[in-house]
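**Student:** Using the sequences provided together with the hints, build the complete structure.
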Amino acid sequence: MTTRHLRIFSAVYQSGSMTAAAKQLYMTQPSVSQAIRELENHYQVRLFERMHHRLYPTPSGEQLFQYARQVLGIFEEMESSMQSAQQTQALELGLFFTAGMLVHPWLKKFRCVHPNTEVHVRCYKGSELKRLLRSNLLDLAIMEESTGDEDLIQEIFAEDRLIAVTATDDPLLEKDSITVEELGRLPLLLREQGAGVRDQFQRHMNDLGIQLKFHWESASSLVLLDACRHREGVAILPYELARGALERGEVAELPVTGIDFRRRMALTWHRDKYITSAMEDFMNIVRNSAVPCSEP
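Numbers in the working numbering are just positions in the sequence shown, counted from 1, shifted up by 342.
Just so you know, the hints here were simulated from the structure itself, not pulled from any lab data.
Be a bit skeptical, because a hint or two may be false.
Claimed, not checked - As a list, the in silico DSBU-like pairs of lysine-lysine whose alpha-carbon atoms are at most 30 Å apart: (1) LYS555 x LYS615; (2) LYS555 x LYS365; (3) LYS615 x LYS450; (4) LYS555 x LYS451.
Stated by the list, open to error - If you anchor each label on the Cβ, the simulated ranges turn out as follows: (5) SER373 x ASP623: 40 to 46 Å; (6) HIS384 x ASN630: 26 to 32 Å; (7) ILE498 x GLN366: 37 to 43 Å; (8) MET443 x THR361: 46 to 52 Å; (9) GLN544 x SER373: 39 to 45 Å; (10) TYR409 x HIS557: 24 to 30 Å; (11) ASP623 x ASP493: 36 to 42 Å.
Even glycine gets a Cβ: it sits at the ideal position worked out from N, Cα and C.
**Tutor:** Following this line, the structure appears as structure tokens:
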């Protein structure tokens, strides 16, 4: 059994077809079939079942694929490191929007340690960052804490908070605060489905038995802030994203009681991802620079 066998097996696993894998690898279909037979004979297991003209991995095939990803990942890292010590490396970094406002001091420190490492940054909502991590298009992401993703590892490192933002002449600001029930009856300006801030707010409101209705929905926090200025409603946004507009007096924070607006930020990576020295160094910079989160 060689890395060649594992590459062929992984291609068949991901494509669900011997023919498609052969085209992808620039091989003949019989050569691909032979490699799969050799693997099955070597381990004395069946790796695929054929149904409706497609190959489906057996439990043994699923197990082998998890090992193959790790072995091939480590092998590729070794090849890259050994071919040239001076070869430029890259760190594929994903950020949710709040982290995009916080990342610059971390990047500055990282570039002092790794001047030859290119950093490619993608700033997206949490659901898209998860997809990119699972597709191995990102090495590491900084995003909101989430649950139910057994294939992703999350390390909490800091806390921020959401706020309700309104126009500076909103009559509600004459009160010390409003209740979460009152908030639910206001015209709400919200991020799109799949955005961490929207998902967290919706989850909290559902837990309180309050049906969430939106007046505006947008993928842009700047659009929501502008709508606030024009008295279209109350926006739910991360404090860091609204801070500039708050400090300039363009909008105001509306205090709300009865809901926990705190959220925690996490370093996130795929559990099968090989942790390179660049990844580890960047994570350490974030760990050492961030303000620790309080107990929930």
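**Student:** Against the range 40 to 46 Å, how does the distance between the Cβ atoms of SER373 and ASP623 compare: consistent or not?
**Tutor:** This hint holds: roughly 41 Å between Cβ atoms.
**Student:** Within 24 to 30 Å: is that where the Cβ-Cβ distance between TYR409 and HIS557 falls?
**Tutor:** violated (51 Å)
**Student:** For ILE498 and GLN366, compare the CB-CB distance with the range 37 to 43 Å and indicate the outcome.
**Tutor:** Given range 37 to 43 Å: holds, Cβ gap about 39 Å.
**Student:** Tell me if the straight-line CA distance from LYS555 to LYS451 falls inside 30 Å.
**Tutor:** violated (43 Å)
**Student:** Honestly, do ASP623 and ASP493 meet the 36 to 42 Å range at C-beta?
**Tutor:** The hint (36 to 42 Å, Cβ to Cβ) is violated, given that ASP623 and ASP493 are roughly 24 Å apart.
**Student:** CB of GLN544 to CB of SER373, is that within 39 to 45 Å?
**Tutor:** 51 Å Cβ-Cβ, so the 39 to 45 Å window is violated.
**Student:** Are the Cα atoms of LYS615 and LYS450 separated by 30 Å or less?
**Tutor:** This hinted pair holds, its Cα atoms lying about 25 Å apart.
**Student:** With respect to the beta-carbon atoms only, verify the hint that HIS384 and ASN630 lie 26 to 32 Å apart.
**Tutor:** Violated - the Cβ-Cβ distance for HIS384 and ASN630, about 46 Å, lies outside 26 to 32 Å.
**Student:** Please work out if LYS555 and LYS365 have their alpha carbons no farther apart than 30 Å.
**Tutor:** Distance ~49 Å between LYS555 and LYS365 Cα, so the pair is violated.
**Student:** Per the hint of 46 to 52 Å, is the separation of the Cβ atoms of MET443 and THR361 within bounds?
**Tutor:** At 48 Å between Cβs, range holds.
**Student:** Regarding the pair LYS555 and LYS615, is the alpha-carbon distance no greater than 30 Å?
**Tutor:** The given pair, whose Cα atoms are some 39 Å apart, is violated under the 30 Å limit.
Violated hints for the displayed structure, listed by number in ascending order: 1, 2, 4, 6, 9, 10 and 11.
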